[in-house]
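S.K.: In case you want the letters, here they are:
2 protein chains.
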Amino acid sequence: MNLKPYRVKPGTRLQLDRWDPGETGTYKKNERVKEKAKAETARLIDRISALQERLYANGDRALLIVLQGMDTSGKDSTIKHVMSGVNPQGCKVVSFKTPSEKELNHDFLWRIHQEVPAKGQIGIFNRSHYEDVLITRVHGMISDRVAKRRFGQIKEFEELLTENGTAIVKFFLYISKDEQKQRLLERVRDPEKRWKFNEGDLEERKLWDDYLRVFEAVISKTSTESAPWYIVPANRKWFRNLLVARAVVEALEAMNLGCPKPSADIDWDRLVIE
Amino acid sequence: MNLKPYRVKPGTRLQLDRWDPGETGTYKKNERVKEKAKAETARLIDRISALQERLYANGDRALLIVLQGMDTSGKDSTIKHVMSGVNPQGCKVVSFKTPSEKELNHDFLWRIHQEVPAKGQIGIFNRSHYEDVLITRVHGMISDRVAKRRFGQIKEFEELLTENGTAIVKFFLYISKDEQKQRLLERVRDPEKRWKFNEGDLEERKLWDDYLRVFEAVISKTSTESAPWYIVPANRKWFRNLLVARAVVEALEAMNLGCPKPSADIDWDRLVIE
Numbered sequence: 000m001n002l003k004p005y006r007v008k009p010g011t012r013l014q015l016d017r018w019d020p021g022e023t024g025t026y027k028k029n030e031r032v033k034e035k036a037k038a039e040t041a042r043l044i045d046r047i048s049a050l051q052e053r054l055y056a057n058g059d060r061a062l063l064i065v066l067q068g069m070d071t072s073g074k075d076s077t078i079k080h081v082m083s084g085v086n087p088q089g090c091k092v093v094s095f096k097t098p099s100e101k102e103l104n105h106d107f108l109w110r111i112h113q114e115v116p117a118k119g120q121i122g123i124f125n126r127s128h129y130e131d132v133l134i135t136r137v138h139g140m141i142s143d144r145v146a147k148r149r150f151g152q153i154k155e156f157e158e159l160l161t162e163n164g165t166a167i168v169k170f171f172l173y174i175s176k177d178e179q180k181q182r183l184l185e186r187v188r189d190p191e192k193r194w195k196f197n198e199g200d201l202e203e204r205k206l207w208d209d210y211l212r213v214f215e216a217v218i219s220k221t222s223t224e225s226a227p228w229y230i231v232p233a234n235r236k237w238f239r240n241l242l243v244a245r246a247v248v249e250a251l252e253a254m255n256l257g258c259p260k261p262s263a264d265i266d267w268d269r270l271v272i273e
Numbered sequence: 000m001n002l003k004p005y006r007v008k009p010g011t012r013l014q015l016d017r018w019d020p021g022e023t024g025t026y027k028k029n030e031r032v033k034e035k036a037k038a039e040t041a042r043l044i045d046r047i048s049a050l051q052e053r054l055y056a057n058g059d060r061a062l063l064i065v066l067q068g069m070d071t072s073g074k075d076s077t078i079k080h081v082m083s084g085v086n087p088q089g090c091k092v093v094s095f096k097t098p099s100e101k102e103l104n105h106d107f108l109w110r111i112h113q114e115v116p117a118k119g120q121i122g123i124f125n126r127s128h129y130e131d132v133l134i135t136r137v138h139g140m141i142s143d144r145v146a147k148r149r150f151g152q153i154k155e156f157e158e159l160l161t162e163n164g165t166a167i168v169k170f171f172l173y174i175s176k177d178e179q180k181q182r183l184l185e186r187v188r189d190p191e192k193r194w195k196f197n198e199g200d201l202e203e204r205k206l207w208d209d210y211l212r213v214f215e216a217v218i219s220k221t222s223t224e225s226a227p228w229y230i231v232p233a234n235r236k237w238f239r240n241l242l243v244a245r246a247v248v249e250a251l252e253a254m255n256l257g258c259p260k261p262s263a264d265i266d267w268d269r270l271v272i273e
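Chains as they are written, first to last, in numbering that gives the first Met the number 0: chain G, 0 to 273; chain E, 0 to 273.
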């Protein structure tokens with residue numbers, strides 16, 4: 000699977016109407032292919048697990064995964080399907096909710112910085128600092144001038160992280176408006192799923208097109224060589240999982256994680272244990 | 000598997016020389032039984048995963064798992080084998096290392112309290128506040144009077160948590176001194192494992208018996224009905240994993256986690272999604 004077409008090239012202008020949230024790349028949409036893709040994803044997950052162990056053992060670098068997308072786009076589900084199997088000791092998930100009063104009394108990156116992954120860890124942001132240029136902008140809570148300034152601040156913040164050993168990959172899970180409708184209906188119709196339904200989601204849904212325009216602007220401005228955005232066609236869950244798993248493996252492989260070196264201060268051959 | 004014999008009854012005096020770290024309960028030590036036990040553990044892990052989803056969905060309670068044991072007793076390995084498979088979004092592992100200067104400028108429970116699991120979460124402490132009555136006491140850093148006071152403070156702290164919806168289970172992974180020697184030798188002999196070896200462990204090893212006496216005192220004083228200690232014979236990794244997995248399942252089952260109720264404020268039958 001070639002990920003290049005899904006990576007947003009720095010400096011280009013993303014146009015989401017040229018993308019199909021229902022596409023599945025070179026994979027045909029039939030049951031046999033779907034099963035094959037699932038098996039491929041399972042192999043990639045094993046690989047993530049092995050690479051994460053190396054990351055942890057080395058303890059000198061980290062990986063930050065950012066997940067963004069409309070409501071019901073599958074952020075939680077992606078974490079569950081792609082990251083279950085990873086040793087939780089080396090993996091931290093942070094869900095960013097509406098900021099508290101205390102958090103609002105600081106700059107928007109203050110609470111984010113506290114939650115970045117420690118060395119040796121994979122950190123997953125379920126929503127992130129990008130909310131501060133997404134929801135805030137769609138609802139006119141910040142001006143275009145402030146948004147523009149924040150793009151610069153975000154890029155510099157991410158550069159600080161990458162220059163200090165934290166690799167970053169960012170995923171926009173892209174579903175269609177109709178797919179969202181189906182997923183919301185499923186929650187409403189199934190009494191066992193109703194607890195997941197949030198009436199506020201219907202209000203946000205009315206702003207669908209505004210969100211798409213703001214996502215385009217944000218992603219165009221903040222996809223960089225060292226912290227790229229991936230557009231993940233996410234109507235088909237199996238394709239979404241496969242693409243994310245593949246990109247996480249590539250990010251970890253690019254770190255060239257070797258076996259950590261034993262201490263040079265110990266005379267290993269003469270060591271006695273009583 | 001009956002867990003009762005492994006639970007330290009509140010108010011009793013634990014005597015570790017009556018325990019065999021190599022025992023495997025009613026399970027015979029042969030390959031066939033070992034494989035059967037592993038399959039049983041796998042089923043228990045699936046059950047933990049399902050119950051954790053309920054815990055997360057309900058979001059009104061939490062589970063705290065405390066792991067203690069000598070060096071090489073398998074704390075990391077238990078987390079890896081029993082908790083991989085759990086959705087990392089609902090599971091947080093915290094490893095407590097030597098306290099920082101800032102942490103030492105607060106009471107010993109200050110840093111611990113900040114890391115207890117949020118509602119809906121499973122929290123795992125890899126070492127814990129118990130270090131503050133273990134290593135500190137073996138090395139004479141605190142007096143018996145202070146230790147005694149801390150036992151009371153720990154019990155009250157844990158009661159605060161349990162009364163506010165956080166169930167607690169505590170595991171002492173018990174290996175023999177000879178088993179530790181084998182595990183240390185393995186790390187020394189295998190160049191790929193040498194990075195795990197810590198020379199300081201040899202110094203602590205010399206204090207083996209002191210540690211056992213202090214563990215006995217601490218566990219005897221702090222095993223309660225609502226936050227019990229389990230003694231886990233841990234020479235055999237497969238038996239250790241099975242016992243821990245079984246106890247975690249029982250703790251989650253005792254919470255009676257139902258399906259969360261949908262909002263009563265929504266007229267579900269008339270809801271329209273456009």
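Read the hints as simulated data drawn from the structure, not as lab findings. Honestly, I wouldn't trust all of these hints.
As the list claims (entries may be wrong) - Per label pair, the in silico range of CB-to-CB distance:
{"id": "1", "chain 1": "E", "residue 1": "E52", "chain 2": "G", "residue 2": "Q113", "range": "24 to 30 Å"}
{"id": "2", "chain 1": "E", "residue 1": "E52", "chain 2": "G", "residue 2": "D45", "range": "21 to 27 Å"}
{"id": "3", "chain 1": "G", "residue 1": "L184", "chain 2": "E", "residue 2": "G24", "range": "25 to 31 Å"}
{"id": "4", "chain 1": "G", "residue 1": "L103", "chain 2": "E", "residue 2": "R12", "range": "39 to 45 Å"}
{"id": "5", "chain 1": "E", "residue 1": "L15", "chain 2": "G", "residue 2": "N163", "range": "33 to 39 Å"}
Even glycine gets a Cβ: it sits at the ideal position worked out from N, Cα and C.
S.K.: Does the hinted range 39 to 45 Å hold for G/L103 and E/R12 at CB?
M.R.: 53 Å, violated
S.K.: Looking only at beta-carbon atoms, does the pair G/L184, E/G24 fall within the given range of 25 to 31 Å?
M.R.: Since G/L184 and E/G24 have Cβ atoms about 50 Å apart, the given range 25 to 31 Å is violated.
S.K.: Can you tell me whether the CB distance of E/L15 to G/N163 sits inside 33 to 39 Å?
M.R.: Roughly 45 Å apart at Cβ, these two residues miss the hinted range, so it is violated.
S.K.: Using the beta carbons of E/E52 and G/D45, state whether their distance is inside 21 to 27 Å or not.
M.R.: 22 Å Cβ-Cβ, so the 21 to 27 Å window holds.
S.K.: Note whether the CB distance of E/E52 and G/Q113 lies within 24 to 30 Å or breaks it.
M.R.: Hint holds: Cβ distance 27 Å, inside 24 to 30 Å.
The structure is inconsistent with the numbered hints 3, 4, 5, although it conforms to all the rest.
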